[in-house]
Each structure stands twice: as C-alpha cells, then as structure tokens.
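Put together the whole structure using the sequences plus the hints.
With my numbering applied, the sequence shown corresponds to residues 1 to 167, in that order.
Source of the hints: derived by calculation from the structure; they are not laboratory data. Keep in mind it's a predicted model, so treat the numbers as computed, not measured. Hints are supplied without guarantee of correctness; some may be wrong.
To be verified - Restraint-style ranges between C-beta atoms, simulated for each label pair:
hint	residue 1	residue 2	range
1	Leu-154	Glu-11	42 to 48 Å
2	His-118	Val-64	28 to 34 Å
3	Leu-63	Val-120	22 to 28 Å
4	Ala-156	Asp-134	15 to 21 Å
5	Glu-13	Tyr-70	46 to 52 Å
6	Val-120	Thr-42	30 to 36 Å
We put the CB at the ideal spot given by N, CA and C, even for glycine.
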Amino acid sequence: MRYHFRLIEIESEAKKGSTFRLTIPLRSVNRKENPASRTITTLQTFGHRYHVLVAEDNPVNQLVLEQILYKFELNVTKATNGKEAFDLALKNKFYLILMDMQMPEMDGMQSTRMLREHGVLVPIIAFTANAYQDDRNACLESGMNDFVTKPVDLDALNTVLKKYLKA
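Right, here's the structure in full:
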C-alpha cells in the first residue's frame, strides 16, 4: 500500500514494516534581508585566565551558557540557585558572576544583596529572561552591575564581558 499526502508519503507492507517520508519545501532567502544573517563582532577571548560563576537553575540554560563561555575561553563554575551561588562566591575567587533573577531557594536579587552585604565586590551581571525596564531597575537596585537578557545575545554578552574583564 502506498499513501501520498501533500508533504508526507507513507509506504506500508504487511509483516514487512512502514516507511515514512517528509518533504519540506524551502525557498531561498536573501541574506541581506535576513536579520539573522548579521555578523557579530569578533568574540573576545580571555585565555582561560578568568573564573566565572553561572547561577542558573535551568540545566539546559546552564549548559548552553557554559558552552558559550567556553568559546570566550572562560573557566566556569555552576550554581543551581541563589543560595548555592552565595556560598560559592564567599568561598571562591570569581572575576564575574552571571546571575539569573528567578531561582529556587533564593533568587538572584536576594543573593546579590547578601553578597554585597558581605563585602563581595565582584561584578554581578543579571542574566535573565525578565527583560522589562522594571526588572532591569530591580536588578541594578539589588547591587548587580549590569543586565543581559535571555536568550543569549552574543553581541551583548561579548560587550559585557569586555567591559568587566581585561582581555
């Protein structure tokens, strides 16, 4: 038996199995008109001289950010909540902390306030999907130095890293 739908073709034979084919028509895209094709500035690399703390509760976001930071040649330690980030930052020397706003146990703003109260002056960058101006203001008022939104914008991250870390 053979069935043919617009984009899906199915062949099936009793006691032998089935084959499915999916056809997706694509059209060419003019790269000049496609904003996704714009090039970013050259990524700054830091030669693995700097240790960065990533405070992020979502394991997928954690992995993506870790892989991106490796491309910048940065060493990464991960925390899964604000309390863990606070504890790690008190015990280790980090050159930069990327802090999610919303995490379990302790959010990023509370963790930042406590770090500042304990004299930790390392740059803390909000790294969050909360992109409203009120969110940005709340992060800065909690003691964070800067703000980068998710999903990762390599240009913005590149700019922030160059601003707070010496090449």
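Cross-check of the supplied hints:
Between Leu-154 and Glu-11 the beta carbon distance is about 44 Å. The supplied range of 42 to 48 Å therefore holds. Checked against the given bound of 28 to 34 Å, the beta carbons of His-118 and Val-64, roughly 30 Å apart, stay inside it. Look at Leu-63 against Val-120: about 26 Å separates their beta carbons, and that is inside 22 to 28 Å. A hinted range of 15 to 21 Å for the beta carbons of Ala-156 and Asp-134 is consistent with their spacing of about 19 Å.
Checked against the given bound of 46 to 52 Å, the beta carbons of Glu-13 and Tyr-70, roughly 49 Å apart, stay inside it. Range check, Val-120 to Thr-42: Cβ separation about 31 Å, and the 30 to 36 Å hint holds.
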